[in-house]
Amino acid sequence: MMKKNAMIDRYRWWEVVLMYLGIAVFLFFILAPFIEGFLVSLKPLGLLFSTPYKFIPENGSFKAYVTMWESVPGFARYIFNSFFISTVITLVVLILVVPASYAFARIKFKGAGSLLGGFLAVNMFSGAVLLIPLFRLMRSYGLLNTYWSMIVPGVAFLIPTAIWLLSTYMKRIPRELDEAAYVDGAGHFYILRRVILPLAMPGIIVVAITTFIGAYAQQFIFALTFNSKTEFMPLPIGLFAYFGRQEVIWNELMAASFVGIAPAMILIFALQRYLVAGLTAGAVKQ
Amino acid sequence: MGQLALSGVKKRFEKLEVIHGIDLDIKDGEFVVFVGPSGCGKSTLLRMICGLEEITEGDCTIDGTRVNDLPPVKRGIAMVFQSYALYPHMSVFENIAFPLRVEKRPEAEIKEKVGRAAAVLQLENRLHQKPGNLSGGQRQRVAIGRAIVREPSIFLFDEPLSNLDAALRAEMRIELTALHQKLKATMIYVTHDQVEAMTMADRIVVLDGGSISQVGAPLELYHKPANLFVAGFIGNPKMNFIPGTCTEVSPAGATVELVTGSTVTVPVTAAGILKGQPVTLGIRPEHLTQGAGDVSLQITPTVVEHLGVNTVTYADLDGVGNVSALLSGSADVAPGKPATLAFSAADCHLFDAEGQALERRVDSAMPIPAAASAG
Chain C
1 MMKKNAMIDR YRWWEVVLMY LGIAVFLFFI LAPFIEGFLV SLKPLGLLFS TPYKFIPENG
61 SFKAYVTMWE SVPGFARYIF NSFFISTVIT LVVLILVVPA SYAFARIKFK GAGSLLGGFL
121 AVNMFSGAVL LIPLFRLMRS YGLLNTYWSM IVPGVAFLIP TAIWLLSTYM KRIPRELDEA
181 AYVDGAGHFY ILRRVILPLA MPGIIVVAIT TFIGAYAQQF IFALTFNSKT EFMPLPIGLF
241 AYFGRQEVIW NELMAASFVG IAPAMILIFA LQRYLVAGLT AGAVKQ
Chain R
1001 MGQLALSGVK KRFEKLEVIH GIDLDIKDGE FVVFVGPSGC GKSTLLRMIC GLEEITEGDC
1061 TIDGTRVNDL PPVKRGIAMV FQSYALYPHM SVFENIAFPL RVEKRPEAEI KEKVGRAAAV
1121 LQLENRLHQK PGNLSGGQRQ RVAIGRAIVR EPSIFLFDEP LSNLDAALRA EMRIELTALH
1181 QKLKATMIYV THDQVEAMTM ADRIVVLDGG SISQVGAPLE LYHKPANLFV AGFIGNPKMN
1241 FIPGTCTEVS PAGATVELVT GSTVTVPVTA AGILKGQPVT LGIRPEHLTQ GAGDVSLQIT
1301 PTVVEHLGVN TVTYADLDGV GNVSALLSGS ADVAPGKPAT LAFSAADCHL FDAEGQALER
1361 RVDSAMPIPA AASAG
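Going line by line, the protein sequences match chains C and R.
Each residue of the first sequence is one higher than the one before, counting from 1 in the working numbering.
Each residue of the second sequence is one higher than the one before, counting from 1001 in the working numbering.
Just chain R, same shape as in the assembly (with noise of 0.2 Å):
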């Protein structure tokens, strides 16, 4: 079992309040990634739950137990780290039987649980070379092979793709997510890395200065961000925000004076309070079309990028700062050369005056469109 609780976390270093009451329930078998900027507080949350930090406030609960005052081994969790740690003197066998030398099981014992690590990891046949003599997935492997031996209920990962190159790193992701599904271990993973979090997340936790900004699967954050944090967060290029007013509030949604000139309907639900007061209106780069829509925007785009199957233009608008959008690869767009991009209104997301976004009436199961995850 690998059932996890946090109840009014909290960690503070002297004065200084780093998390602020975290409230949090993992299933067991869930893969949970903590995603945030950096600073946000998410590797020190992990550090907590894994007993390296003192938890100053608030209950960590394992499995019913209260594990706050426990050390790491006790907790039954195990950690891969940023860096791998990997101890560069012993042969990858001793590294992966670290855990097991140190509980001093029997030497048949060790034997097998490393072979059946290895097996998994399929590093069979590097057991007797020095990590030193690894390349940087292999040592990844070799860190992660040291958590497995001792069958831990719940695996903590701290940004551990961090190291690796791009095409390493997407390789490593698949990799995961089949150990995952392999040993239906309740897994906790950090990382700033937005890819990471939607590819492999069951659910996402975004924090943001040390609070829990919203927690939710991948899609429902994409579809429906909570507030103008996870809306800037989740989806690359950057989500653009265009300020307006509202002034109606009908039972078709709420109508939003934008800056630019134009007038929109966004299908939300609002209450009629909302009238007259600012809003911020919002729309993902991939729902700017060069087409037809509800609302147009004249821009002029100061760089173009040519990705092959995308075209991201950057472009700067009066009163709205910058606004990009994700175009077809074969989208007839050049730097200087202005041009005429449009958007529907059921694509919009629309905040308050507080950032809290207004329910969208979309249905969060839509399948994410696949300008989303390129990236």
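In isolation and in its complexed conformation, chain C is listed as follows (with noise of 0.2 Å):
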């Protein structure tokens, strides 16, 4: 059953066995809750609170992936904004901590590093912390109920991580490749977008996908806050359109839950493989 490997990665059965046993066990304690609520989103709602229990479905359909678009007719819109916010935000902390990260990984200024140690201070603030003073910013630079509300406060939380994982990975980069090119004459944007850019390009991908998914994650906080009109509603907050005055449609949340998961889950696993075809190619062979 075992093709010939490399000694060190030989194996008794029973080894094996514990191996996949033990990944099974983790997949499922982090995969449980997604399980459940794929269950949930296949159940008609009359039989959600049957007792006893069932997990499995009993004439499970895919019918709420359908009438969920006829009780919310505008989620089309809340997956839209979401993806929109996120790309947007994206995009803005790219343009801003590039720069800052080849400055930070290459520029030896006075400072650096308290400024790294209070780009770290900032990421230990939780939003949630700073949503009153945040109000009141919005408000007098007047951003409440618009796109910017929510984009600004998720670039601003999203700079620290991005610029820490980025420098890092530039600093990584030989330096006798900067010098190198500066030996021959070429300035400090010059050095940046011919050498160190390319070379960066595997850790902008990785600080891309998980700024976009921060971005994703953090927005429900900022919207629930700093907007209220309903077309510029991303989605964590379209759901709760799902809760009625007497019911919640548990099924059709589900679904929706899902499918508004899916645009972002698609761009992430495109993006992943892409990630490691350009870790492999650019390795910087010393």
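Keep in mind the hints are simulated off the structure, nothing from the lab.
The model shown is predicted, which means the values in this text are computed figures rather than measured ones.
Worth double-checking, as some hints may not be accurate.
20 Å max Cα-Cα, derived SDA-like pairs, lysine to any residue [to be verified]:
no.: 1; chain 1: C; residue 1: Lys108; chain 2: R; residue 2: Ile1055
no.: 2; chain 1: R; residue 1: Lys1184; chain 2: R; residue 2: Glu1030
no.: 3; chain 1: C; residue 1: Lys110; chain 2: R; residue 2: Glu1014
no.: 4; chain 1: C; residue 1: Lys110; chain 2: R; residue 2: Glu1054
no.: 5; chain 1: C; residue 1: Lys63; chain 2: C; residue 2: Phe34
no.: 6; chain 1: R; residue 1: Lys1130; chain 2: C; residue 2: Glu176
no.: 7; chain 1: R; residue 1: Lys1104; chain 2: C; residue 2: Arg194
no.: 8; chain 1: C; residue 1: Lys108; chain 2: C; residue 2: Phe34
no.: 9; chain 1: R; residue 1: Lys1130; chain 2: C; residue 2: Leu197
no.: 10; chain 1: R; residue 1: Lys1074; chain 2: C; residue 2: Asp178
no.: 11; chain 1: C; residue 1: Lys108; chain 2: R; residue 2: Lys1130
Covered stretches of chain R (in silico footprint by chain C; criterion: 3 or more residues with CB under 8 Å from a CB of chain C, positions within the stretch not fixed) [what the hints assert, rightly or not]:
no.: 12; stretch: 1047 to 1057
no.: 13; stretch: 1074 to 1082
no.: 14; stretch: 1098 to 1105
Quick reminder that beta carbons are idealized off the backbone N, C-alpha and C, glycines included.
Assembling the complex is the task here: the two chains are given apart, and the hints tell you how they should meet.
What follows is the structure, encoded as structure tokens:
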């Protein structure tokens, strides 16, 4: 059953069983809420509160995936909003973070260390702690009830992690490459564009993915506080629409959650494949 | 033109002085090698000439212009780095073309110049490959190609061969020497490998602890090392040092009583004050023989290396320390078997208590013995 692997990669049959068992337990632990959510989305609403509770749906169907669009007609707009806000946040973060990381990685200046420490400190506050001052700021600048009210704080809270990630990555690019380019007459911007950026591409993609996911995850609290216009609402708020006066349409809510996550998932999987390719192709061989 | 002069050049990092006032003139078209043990400041000195490190004190002039505050391009120099510093995401063509692209030269000119450099370095068939697919020697040539397209007047090499294996290193040494003859440009080359220094240099600069220990042609350093450091650094295996006391100074030379008990008169020019002073006698391993000589040493080799063409023996001698000898390949020696080695007074070097050499009466243009270049 086993191919002739290198000695270090050979295991006894029970070791292999144990490894897969470990993986299965771990995966189940992580994925259990998703599995249950998916099963709920398949059940008819009436069967959800049956006793004894059955995990495996009887007469399961994908009907909720159709009716969800009828119960909440604006749902597509919410998905678009989520996607739009996260994309803009990611782009703005990248535009700001790439040159900043280059500066932290390559230019010696006073206070570089404490600045980086400061960014880390900002990261320790969750957005929720700063909601009230942020609300006042937004009101003063007239950003309440616009896309910007969700984009600006999103960018602010995602920049520190992005700078830490990317400057660490750039520090690993051999300095001799910069020196060689400098000796040949290149300036900082030329070095950044022709040498550092192409080599840091895998790192930039990692930053883009984490920023995008972060932006997707943190929208809820900003949207809830700074925006009251339905047409700008992102997905997490949009899901509230399935909470009726009398009852919650749980199966449609779950179906909507999965449909809402789908575009982001597809994008991330696509980027991830590129990420692996980029890591192997761009490897700096010393 | 590529004439370079350093005068009183110093380098300090914070309070620590690592280069202590270097004065050096390098002629146009010369191949100069900076050599010394690690930490002697040779790489720092090269980076200062290049413009990657600031010169704390003193002047660096190229063709009569003070270049201390000029960036590397304006100095008319190009540098080849130890790790080659090739851009892994660019093809060989783009790597070599990089300096020209920075200068925004027209495409036709770039093609022509890169083509010419590739022809000189036999890289024509590799232009579309990435550096990752090249062997060590080819990468080295790409790095040199990137240096020559700009047609600088001075080339700087920072230990360019240290990442290559021994056979390739020997090959690249010959290629570099040939390239120097073809380009006729000034080249400054940093290495810790004395074989590279001896084989390629017009002149060798031996650095020790941030100062110049001696400057001279390879054979001059071999035959007339100025001090104990150079004597011990140049030559492989290392020169043997035997402590002794000067008992007599005469026109014939200085008579030395060695700790081993023998007495020898070394033909050096010495002043009378040397009499009674402690001195160190230096004798190269290749000058020790199993035949007769002016002085003989009783040794018991602990290690014997048979190299085929030569046999190297290492022994511990009371009061002297390590003694190594480079004997013929068929020498009858074995570990633990006592042997008698002899050397003649004419081959000896003599150093005073400060480690400075006394002038030897030999012609430094003597051909180098075959043994000295083995290594």
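Hints versus structure:
About 18 Å separates the Cα atoms of lysine 108 of chain C and isoleucine 1055 of chain R, which keeps this hinted pair within 20 Å; it holds. A hinted pair counts as satisfied when its Cα atoms are at most 20 Å apart, and lysine 1184 of chain R with glutamate 1030 of chain R qualifies at roughly 8 Å. Under the criterion of a C-alpha separation no larger than 20 Å, the hint pairing lysine 110 of chain C with glutamate 1014 of chain R is consistent with the structure, at around 16 Å. Between lysine 110 of chain C and glutamate 1054 of chain R the CA atoms are separated by roughly 19 Å; this keeps the pair inside 20 Å, and the hint holds.
As the CA atoms of lysine 63 of chain C and phenylalanine 34 of chain C are separated by approximately 19 Å, the hinted pair is consistent with the 20 Å bound. Under the criterion of a C-alpha separation no larger than 20 Å, the hint pairing lysine 1130 of chain R with glutamate 176 of chain C is consistent with the structure, at around 18 Å. Pair hint lysine 1104 of chain R plus arginine 194 of chain C holds up; C-alpha atoms about 13 Å apart against a cutoff of 20 Å. A distance of roughly 47 Å separates the Cα atoms of lysine 108 of chain C and phenylalanine 34 of chain C; the hinted pair therefore is violated under the 20 Å criterion.
With a C-alpha separation of about 17 Å, the suggested pairing of lysine 1130 of chain R with leucine 197 of chain C holds against the 20 Å cut-off. As the CA atoms of lysine 1074 of chain R and aspartate 178 of chain C are separated by approximately 17 Å, the hinted pair is consistent with the 20 Å bound. For a cut-off of 20 Å, the pair hint linking lysine 108 of chain C to lysine 1130 of chain R is broken: about 32 Å separates their Cα positions. Counting residues of the stretch 1047 to 1057 of chain R whose CB lies closer than 8 Å to any CB of chain C gives 3, which reaches the minimum of 3, so the coverage claim holds.
Only residues whose beta carbon comes within less than 8 Å of a beta carbon in chain C count, and the stretch 1074 to 1082 of chain R has 5; three or more means the coverage holds. For the stretch 1098 to 1105 of chain R, the proposed coverage by chain C is satisfied: 5 residues have a C-beta within less than 8 Å of a C-beta in that chain, meeting the threshold of three.
The structure fails hints 8, 11 (numbered hints given earlier, in ascending order).
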